[in-house]
Amino acid sequence: MKTLKIEELSKNFGTTEVLRKINLEIDEGNFLVLLGPSGCGKSTLLNIIAGLETINEGNVFIDDYNVSKVEPKDRNIAMVFQSYALYPSMNVKENMIFGLKQAKTSKEKIEEQLQKVSTFLQVDKLLERKPSQLSGGQRQRVAIGRALVREPRIFLFDEPLSNLDAKLRVEMRREIKKLHQQLKTTVVYVTHDQTEAMSLGTKIAIMNHGVIQQNDTPEIIYNKPSNTFVADFIGSPSMNLIKGKIIHNSNNISFIAEGSTFEVPINNYDFKEKSDLNNKEIYFGIRPEHIYFKKLNEDDFDINLRADLSEYIGHEQIVTLDYSNQEILAKFPSTIKIELEKEMKLYFDLKHTSLFDFNTKERL
Amino acid sequence: MQDNLQSSSYKQLEQKSKYTNMFLRWFLYFVLILFASYFIFPLYVMVVTSLKTMEEIRQGTLLTWPSSLNFDSWLVAWGGRGYGAGDTFLRPYFWNSIKMVVPAVFFSTFIGAMTGYVLTKWRFKGDQWVFLFLLFGCFIPFQAILLPMARTLGTLGISNSVVGLVLVHTVYGIPFTTLFFRNYYISVPTELVKAARIDGAGFFKIFFKILLPISAPIIVVTVIWQFTQIWNDFLFGSTFSFGEAAPIQVALNNMVLSSTSVKEYNVDMASAIIAGIPTLIVYVLAGKYFIRGLTSGAVKG
Chain B
164 MKTLKIEELS KNFGTTEVLR KINLEIDEGN FLVLLGPSGC GKSTLLNIIA GLETINEGNV
224 FIDDYNVSKV EPKDRNIAMV FQSYALYPSM NVKENMIFGL KQAKTSKEKI EEQLQKVSTF
284 LQVDKLLERK PSQLSGGQRQ RVAIGRALVR EPRIFLFDEP LSNLDAKLRV EMRREIKKLH
344 QQLKTTVVYV THDQTEAMSL GTKIAIMNHG VIQQNDTPEI IYNKPSNTFV ADFIGSPSMN
404 LIKGKIIHNS NNISFIAEGS TFEVPINNYD FKEKSDLNNK EIYFGIRPEH IYFKKLNEDD
464 FDINLRADLS EYIGHEQIVT LDYSNQEILA KFPSTIKIEL EKEMKLYFDL KHTSLFDFNT
524 KERL
Chain X
265 MQDNLQSSSY KQLEQKSKYT NMFLRWFLYF VLILFASYFI FPLYVMVVTS LKTMEEIRQG
325 TLLTWPSSLN FDSWLVAWGG RGYGAGDTFL RPYFWNSIKM VVPAVFFSTF IGAMTGYVLT
385 KWRFKGDQWV FLFLLFGCFI PFQAILLPMA RTLGTLGISN SVVGLVLVHT VYGIPFTTLF
445 FRNYYISVPT ELVKAARIDG AGFFKIFFKI LLPISAPIIV VTVIWQFTQI WNDFLFGSTF
505 SFGEAAPIQV ALNNMVLSST SVKEYNVDMA SAIIAGIPTL IVYVLAGKYF IRGLTSGAVK
565 G
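Quick note, the sequences are listed as chains B and X, same order. Just add 163 to wherever you are in the first sequence, counting from 1, and you've got this note's numbering. Just add 264 to wherever you are in the second sequence, counting from 1, and you've got this note's numbering.
In isolation and in its complexed conformation, chain B is listed as follows:
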């Protein structure tokens, strides 16, 4: 039984296609993050799961039960919004029990739930306050509390941390993670922040232009992005994509960048398809953190590159390098002294490279 299943789902607003043939499955207790740039349809998808938007094609199943035409209140879900959406005229207590009252829950049960959740979220001292008298973090807690008291099957979060300042965001992120670890409720969480997605999700679905680009664990998404969009979207700074082609002769496969003279061996790369590689135009992808200053592994590839620019950001520095007229970035500890306008010896970690077809942008 899948807690949530989405099947061939399409949605358009007028002539604009927002979601195209979405398929998605979540197992009980998982934390799925929908990640993507603004306008990619992730919020629409969440609203559809909640039942707040209609569907043009396809179906949504909760616990194998087709809820495509079921009212939001009967889907056994709860949602936390970006603007918190606390009812301004009601105090914290009234906000939290509003849903239970609508569902005609008994007074004792309401009181019990309120007690339990408000102590759990440490808002039990705030019950008589109006939302306007709360700080951002407190509002967020109350909004989560309002969702919790209903004991839903699925939690939906719509960019819940975007309105908080940077410090509070990190704190609340940790609290949401803790919450999920304790309650083990299934969660669908929408965000455009990759750090949030990486740290919270057990699964991440990366979306762009209404299509899911990759749906996998954070580790696989980071290490084996399935196309150049994912490679570019995840990581900060994002993955270097160096244009060039493959040279495949007898037992040797190597990469040669456009305008460069030397070859990078990629014999050990885990190709999906090993035939017809010679002269294939590709992107050679390597993350800035996988370019080293010192040789770390036996098979690290040493290369001489000219440093053009260094950006100091505290614990590390981001160095812009010139790879035969293609700009690439590398991340080094800030203790290392970089001489600009000079060639230096660096090492590519070949275990952590990704190759993409230049035309289809798909991973090889």
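Calculated from the structure, these hints are not laboratory results. The beta-carbon is built from N, C-alpha and C at its ideal position, and this holds for glycine as well. You can take every hint at face value.
Derived coverage of chain X by chain B (criterion: at least 3 residues anywhere in the stretch with Cβ under 8 Å from a Cβ of chain B; other residues may be distant): (1) 446-456; (2) 459-471; (3) 474-480.
List of simulated lysine-lysine pairs, DSS-like, C-alpha gap at most 30 Å: (4) B:K267 - X:K473; (5) B:K236 - X:K473; (6) X:K469 - B:K279; (7) B:K293 - X:K473; (8) X:K473 - B:K279.
Okay, the calculated beta carbon distance ranges per label pair: (9) X:S271 - B:E334: 50 to 58 Å; (10) X:S272 - B:I499: 49 to 57 Å; (11) X:I404 - B:T179: 32 to 40 Å; (12) X:F467 - B:N219: 20 to 28 Å; (13) B:T179 - X:F294: 54 to 62 Å; (14) X:N285 - B:Y475: 46 to 54 Å; (15) B:E502 - X:Q276: 53 to 61 Å.
Given chain B's structure and the hints, the job is docking chain X onto it.
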């Protein structure tokens, strides 16, 4: 040396800007007082005249202060002289107006709030067109709809009645009230409605429990606007009612224009002030919310 020179020239500049500021400030006060007196002057003349006897009016000028506080003309304006035929006075018409204005303001405000709520929070296909037509209603010259409206009221059997006027004012108030509420509700996050729907609240519950409690500023604006419009209306009142069903503005007109004997300016002035007092009261009671409400749509709450 150079330092000294500079600091002295700074002092001069400081001195200069001080004088400029002082001059501008006094000029501002002068202009403000000028305009204020321009507006207050007619009111002064009205009040003063209403307190004079006819004798005094004939002898003095417009501006002379009354010799004693004499409220006789106010009593006559409100309650008449006490003889039968031809004695027009405001009391019954004042109540007509109250009976007209209270339900008309209530219904038009309520319906406007509802339509504003639907147009912003329950968007449907073609809702922009509905809104556009409603906006169009704000610009209809009322003279253009007098005849069809008279027919409608006749067919409904409520012509020449307070009920008929309530209907007319409610219908023609809706475009404005809708505009007010729509612009207010558009700044209320739609996520509130979504949250309430997930919580299981329906169309009316969301309106009454969540939106209406936060609508006080815009309700005040709408009530003031509608009250002033309806209370001061003369066109609909004089067209769709006559005799005993007339609202106060029509009665005021009859009183001032139809007196057969000598013109009694003091009674006329007192009547005009009485007819204007209710709107004044509404402004004084709710004025500060009026300004707040007008601007509250503009900035995000």
